[in-house]
Amino acid sequence: MFLVTGATGQIGRRVIRLLREDDQPVRAFVRLESNYSELEQRGAEIFIGELTEEKDIAKACEGVNYMISAHGSEGNAQRLDYRANVNLIDQAKAQGVEHFVYISVLGAQRGYEDSAIFKAKREVEKYLQKSELPYTILQPSGLASDLIPLAERLRDTGFYLIIGDPKNRTSVVSPDDLAKIAIDSVKIDTARNKTFPVGGPEVLRREEIPEIFGRLFNREPLVVNVPLAFLDTVRTGIGFIDPETQKSLGTLRTISANEFFCTEAEINDLETTFNMKMESLESFMTRYLGT
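For the sequence shown, my numbering gives the first residue as 1, with consecutive numbering after it.
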C-alpha cells in the first residue's frame, strides 16, 4: 500500500494515476474541499484529513508500505512544508514503512534565506536523512505543467513575461517523468538513500522558453522582461501594508533571481538509474496542448 500526500496536486495526481494503471493499492490523503473524484474513480482509497493534525497523519499511515510526500505549503511553510513532513517521517518510522519518497526542490541545500519554502524543504531533507528510514529525495527543477498557463497566454495573445535575467538557465521537468521516478524509487536498490536532482534533458535559458512556444503555435512571442529591481520595489511597498504577503513573495524572488538546472552528469545518472529518457519541454507541451 502506498500513501500519497498532495494527492490532488500536479505530482500526486499523476503518481496515483500511474499506480492504479499498474493495479497498485494506494491511499490518497486529501482535504474534504479538494477535488478528488477522479482519484476515487481510479480506485484509490480516499483518506480525508488535515496534514496539520497528527492524529490524521497517524491514522493515514496505518498499513502503509511506501510513502510519497508530494504536498505543497499552500502559503504555510512552517506547518505544511516542515512540520507535516516531520510528522509523516516520525509515523513512517513508528509504523514500519519500508521506503519514504520525498519531493523536495532543486537548490534546497543552497541556503536561500528569503524563502521559507526552500528552508523548510532543506530541514526536512536533513531530518529524513537522519531518520534511519530507507528514503529517496527528489529535487525537481521547474515543472513543465507550471508553464502551461504561460504557453496558453502566448498562444492566445503572443505575450510572455520573464522576471529577472532572461539568460538564467533552467531544466524544466515533465511532472509525468517525476511521478514515474517517485514510484520507481521504492523498487530500485540504487535509488535507496540517495538524493537526485531531477530535470529535463536540456538546459534552457529562460528566454528560450517563449521561443519554443512560438514555434509550437507559429506565433512571434512578445516578451516582457521585468527586472528584479521592480519586483523588489513592489515587495517593499506591499510590506508597509501586508508584511505576510511580502514574506510570501520571497520564494518568487528566489526563483526569479537564481538558476535551477541539472548538469549533464546528473541527468545521465537519473536516466541510467531509472532506465528512462527524460521528456523535453517541447514534447510535453505538444502532448498537453495538442499542437
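Source of the hints: derived by calculation from the structure; they are not laboratory data. All values derive from a computational prediction rather than experimental measurement. Hints are not guaranteed to be accurate.
[Unchecked claim] For each label pair, taking beta carbons as the anchor points, the in silico distance ranges come out as:
hint : residue 1 : residue 2 : range
1    : GLY43     : ILE188    : 23 to 29 Å
2    : LYS167    : GLU244    : 28 to 34 Å
3    : GLU45     : GLU132    : 24 to 30 Å
4    : VAL226    : TYR288    : 39 to 45 Å
5    : ASN275    : GLN129    : 33 to 39 Å
6    : MET1      : LYS167    : 33 to 39 Å
7    : GLU33     : GLU207    : 46 to 52 Å
8    : GLY96     : PRO166    : 48 to 54 Å
[As the list claims (entries may be wrong)] The calculated lysine to any residue pairs, modelled on SDA-like cross-linking and capped at a C-alpha distance of 25 Å, are:
hint : residue 1 : residue 2
9    : LYS194    : GLN95
10   : LYS167    : ARG215
11   : LYS55     : GLY75
12   : LYS180    : LYS55
Even glycine gets a Cβ: it sits at the ideal position worked out from N, Cα and C.
inquiry  = Check the hint pairing LYS55 with GLY75 against an upper bound of 25 Å on the C-alpha distance.
reply    = Given pair LYS55, GLY75 holds - Cα atoms ~22 Å apart, limit 25 Å.
request  = Starting from LYS180, check that the Cα of LYS55 is at most 25 Å away, please.
outcome  = Roughly 30 Å between the alpha carbons, so the hint for LYS180 and LYS55 is violated.
query = Regarding GLY96 and PRO166, is the given constraint of 48 to 54 Å on their beta-carbon distance met?
reply = Holds: the Cβ-Cβ distance is about 49 Å, inside 48 to 54 Å.
ask   = Given the proposed pairing of LYS167 with ARG215, does the C-alpha separation stay at or below 25 Å?
value = Holds, at about 19 Å.
query = Is it true that LYS167 and GLU244 lie within 28 to 34 Å of each other by Cβ?
reply = 32 Å, holds
CB-CB spacing for TYR288 and VAL226 relative to the 39 to 45 Å hint = Between VAL226 and TYR288, where Cβ atoms are some 26 Å apart, the hint is violated.
GLY43 versus ILE188 beta-carbon gap, inside 23 to 29 Å or not = About 25 Å separates the Cβ atoms of GLY43 and ILE188, which means 23 to 29 Å holds.
ask   = Taking 25 Å as the top limit, are the C-alpha atoms of LYS194 and GLN95 close enough?
value = 22 Å, holds
inquiry  = Just to be sure I understand the hint, the distance between the Cβ atoms of ASN275 and GLN129 should be within 33 to 39 Å; is that true here?
reply    = With Cβ atoms ~25 Å apart, the hint is violated.
ask   = Lying within 24 to 30 Å: is that true of the beta-carbon distance GLU45 to GLU132?
value = About 28 Å separates the Cβ atoms of GLU45 and GLU132, which means 24 to 30 Å holds.
task = Could you check the hint for me, namely that MET1 and LYS167 are 33 to 39 Å apart, CB to CB?
result = Hint violated: Cβ distance 46 Å, outside 33 to 39 Å.
query = Quick one: are GLU33 and GLU207 within 46 to 52 Å, going by C-beta?
reply = 39 Å, violated
Going down the numbered hints, you'll see the structure goes against 4, 5, 6, 7 and 12, while the others check out.
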